[in-house]
Amino acid sequence: MNAVRIATALLVDDDAASSQAHQLRLEDDGYSVVTARDRTEGLGRARQGGPNVIFIHLGANGAGSLPFIEALRSDDACRHIPVVVLTSQSGIKARAKLRPVNRDLW
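The sequence shown begins at 872 in the working numbering and counts up one residue at a time.
Possibly wrong hints are sitting among the right ones.
[Unchecked claim] Quick list of the computed label-pair ranges, beta carbon to beta carbon: (1) Gly901 - Gly921: 15 to 23 Å; (2) Ser945 - Asp899: 27 to 35 Å; (3) Ala878 - Asp947: 20 to 28 Å; (4) Gly901 - Ser945: 24 to 32 Å; (5) Arg950 - Glu912: 17 to 25 Å; (6) Arg918 - Ala878: 16 to 24 Å; (7) Leu895 - Ser945: 18 to 26 Å; (8) Val955 - Ala887: 14 to 22 Å; (9) Asn923 - Ala892: 30 to 38 Å; (10) Thr911 - Thr879: 18 to 26 Å; (11) Arg950 - Ala887: 23 to 31 Å; (12) Ser945 - Gly920: 14 to 22 Å; (13) Gln891 - Ser945: 12 to 20 Å.
These aren't lab readings, by the way, just hints derived from the structure by calculation. The C-beta atom is built at its ideal place from N, Cα and C for all residues, glycine as well.
Generate the whole structure from the sequences, applying the supplied hints.
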């Protein structure tokens, strides 16, 4: 019998209701989900658990999201992990909050 490999996703979201909704959606999509409430907890879990992908919710003020991504990219143990930014904001507002991460950190 072939074992099915389940991808592990790390979900970083400081809003409990949003986190629960995202977690349910990711589990429905077949991910095993580990959650973190903030940047510090998220970095610790990324270093410990080696998730296959990280989903981070870009909140209304975007606080923490960009520094979190920059910290991941500067950490040899985490820089290879793909990051998906989740937001409920319009594309224009979300893009205004995201700036390119220095490619030297990759």
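Structure-based check of all given hints:
| no. | hint | in the structure |
| --- | --- | --- |
| 1 | Gly901 - Gly921: 15 to 23 Å | holds (18 Å) |
| 2 | Ser945 - Asp899: 27 to 35 Å | holds (33 Å) |
| 3 | Ala878 - Asp947: 20 to 28 Å | holds (22 Å) |
| 4 | Gly901 - Ser945: 24 to 32 Å | holds (30 Å) |
| 5 | Arg950 - Glu912: 17 to 25 Å | holds (19 Å) |
| 6 | Arg918 - Ala878: 16 to 24 Å | holds (18 Å) |
| 7 | Leu895 - Ser945: 18 to 26 Å | violated (32 Å) |
| 8 | Val955 - Ala887: 14 to 22 Å | holds (20 Å) |
| 9 | Asn923 - Ala892: 30 to 38 Å | violated (21 Å) |
| 10 | Thr911 - Thr879: 18 to 26 Å | holds (20 Å) |
| 11 | Arg950 - Ala887: 23 to 31 Å | holds (29 Å) |
| 12 | Ser945 - Gly920: 14 to 22 Å | holds (19 Å) |
| 13 | Gln891 - Ser945: 12 to 20 Å | violated (30 Å) |
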